[in-house]
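Novice: Here the protein sequences come in this chain order: A and B. With the UniProt record's numbering as the guide, the letters of the first sequence map in order to residues 1 to 347. With the UniProt record's numbering as the guide, the letters of the second sequence map in order to residues 1 to 448.
I should point out that these hints are in silico values taken from the structure, not numbers from a laboratory. Please read all numbers here as calculations on a predicted model, not as lab measurements. Any given hint could turn out to be false.
Straight-line C-alpha distance at most 25 Å; calculated DMTMM-like pairs for lysine to aspartate or glutamate [stated by the list, open to error]:
(1) 28(A) - 193(B)
(2) 116(A) - 231(A)
(3) 149(A) - 193(B)
Below are the chains, spelled out letter by letter.
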Amino acid sequence: MEASEAKSKKQGASRLCCLCNQRRPVLKRPKTLQQICKDCFYEVFEEEIHQVIVKNGLFKAGERVAIGASGGKDSTVLAYVLSELNRRHSYGLDLFLLSIDEGITGYRDDSLETVKRNELQYGLPLQILSYKDLYGWTMDDIVKMIGLKNNCTFCGVFRRQALDRGAALLKVDKLVTGHNADDIAETVLLNILRGDIARLSRCTSITTVYIREGDLHTYAYFKKLDYFSTECIYSPNAYRGFAREFIKDLERLRPRAILDIIKSGEDFRIATTTKMPEQGTCERCGYISSQKWCKACVLLDGLNRGLPKMGIGRARGGANGDHHKETKKPASAGRSLESKQCGSLDF
Amino acid sequence: MACNSSGCESGGCYGREKDNGRKAVDVKETVTLCVKCKCNEPMTFGDGGSDDGRFCAECFRSNVYGKFRLAVTSHAMITPSDNVLVAFSGGSSSRVALQFVHELQVKALKNYEASRDRSLPVFGVGVAFVDESAAYPALYGGVSDAIAWVRSTVLSLSPPGKDLHVVPIESVFGSDSVEARDRLVKLLDSVSDETGKEDLLLHLKMLSLQKVASENGYNRLVVGSCTSRLASHVLTATVKGRGYSLSADIQHVDARWKVPIVLPLRDCVWQEITRLCHLDGLKTVELARHPQSGINDLVSSFVALLQEENPSRECTIVRTAAKLTPFYFNKIPETDDSCVPMATQRRLKKFNLKYDGSMTTEAFCPICNCPLNGSDSSEDESDALYAASCSSCRFQILPQDGSSLEQFGSLLPHHMISQVKHHQKVDSQTYLREKIKDCLLLDDEEAV
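Generate the whole structure from the sequences, applying the supplied hints.
Specialist: Quick look at the structure:
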């Protein structure tokens, strides 16, 4: 009797959740290495997000909010938690799922099925926008034309604009995305590596809940959330991959380094004059732009003219400069070019 | 055309084909000339690096030396009245720095001897070698050989003659070598983080250089850090949460120290430096490094990987970081010293106009001497050392529990601790009063 009692006591003493001291711990939290139980983990995780929302006054009651949903773990957790918090704390928000179909066979078509299931599971109306409808090109088409280098540039630029257009279509007030701390850290590093001081100053200024990727995985796993977990098939050559690998190695040596990278990003002494570009509108489609043409139009124009390098790398006179010459040509010259303007929405 | 085949063994295989003044022309490849002077044959280093076979030896050398000289003159790093201490580790970068400083000095001496009025004195040069063997006992055997080699190298670089100072790193604790060594070992042992230990050693190294410089009347410390070294530093600083102070570390001049540090090789890349050593037959010595398994090493490997993918990556990294706003101490301070030639004073004034006039005084971390970001300070800290230190040193160097922290403080060199006391004494009212005292009309506070 004594032996088994002692044994269970020993187990009990060293093996109780750090936070509630009642339940059995089932995981070691990646961020803090604390041993905690499932319920406490859910609580701290959801509370952290709630605190950021409240402290930063992110939403007002009655607002329509679109959640960028890809079907991946980040956006799935985001959709789940946000709808849960909306209910629990009565944010009074009208939530929507907004998904972008880039036209990547064997990847996006599968993940979209997940989002359609999320629509039913979370009871959030879903809107899907496709590159095909917006731009006349799928990523499959684009990769066929330009190969596997720089394709991420196209996709990223198109998707950001697509999300904005979708948000306008849904008439929402805010758009939320599932970028996590690891993403932001990668972005900080990338901007240092590629010399983009302006982006370096902007990338940490948007309100983000700095959730570690490890915590997201853990939450999704224990909550048994339905998500799609494959790498984009076109991403192996992405430069971001370098930063990602490095961060994974770094995390093994010092887990808090990821948050330290973000801290550095916030603390960099960057002159305020370098911060914001002047906001204007694109002459071609009316979308927000700091140049004559928005980046999406520049890229699209390049694709349509069979000049896929346009808009990639440093501008020599710039596509924006080149365009000026082109407008003098008779309109009839471009047969299907005119019809391939990006988007049909008025801004 | 430089021979591109990897199987080629000899360095200048194309050059030997000349016959009776006629250049032998390969059907596929033609002999090319240096892209700069268009006279001489280009050098091939065969090291697989970029730009191989484009410049002749003279042009290559003058490119690198030119960058050095430009950095020195445009930042007023070395002026006739200065006494300059070159930090020499025996590695390639500091060997090139030493060589170039010596050549500058030789030229100055020549001009001095040729000039009629001898108005411009020749700057003095000394060399410092930091002996880290107390921190790495395993290296003990190699150190005395290294020191002997350093001594003979410095001797060969005269005239003008240069003093050599061999500085044991433990000298920051005091002159009693046994006690000092003991204290060093105890101090390093109490740092549990691998990276923290490496960084603490770097801080102690700088302290020892500062000590020998100020004790021997030097007013400049030349450090041979090149672009590549700075690129790694940019990333390590970012990764350790030191984004605020980063811009202080990567400029040409760092005058927050008693003896200002200058980086004349800041704009040269590692590849240029190693090629130059090869070209000029500059010997170097590489002491067996303590196996580094921390963040610093991870970052070096990462940068090496990026360099493979794109040889200009190091330059881009440093260029990006150079766009960060430097600090007021990142320039040689102007001086009214009459010993300093007028030309120098004028140049300093002109250069200093580039910086905005805000002479804000910064508080500095007592351990790493980085400028502290206001948001970092925590006021209700029971331990003065903890309160005064930056967040990075707090995490990776200072012990985590209270009692160990006190003991750690007692082990630190006096110079670091004295800064803490100073930091504590200045309360906000006194500090503000100091700043506005020139505007105050009345001396008596109560009259306000």
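Novice: Sort out which numbered hints this structure fails and list those numbers smallest first.
Specialist: Going through the list in order, the structure violates hint 3 alone and respects the others.
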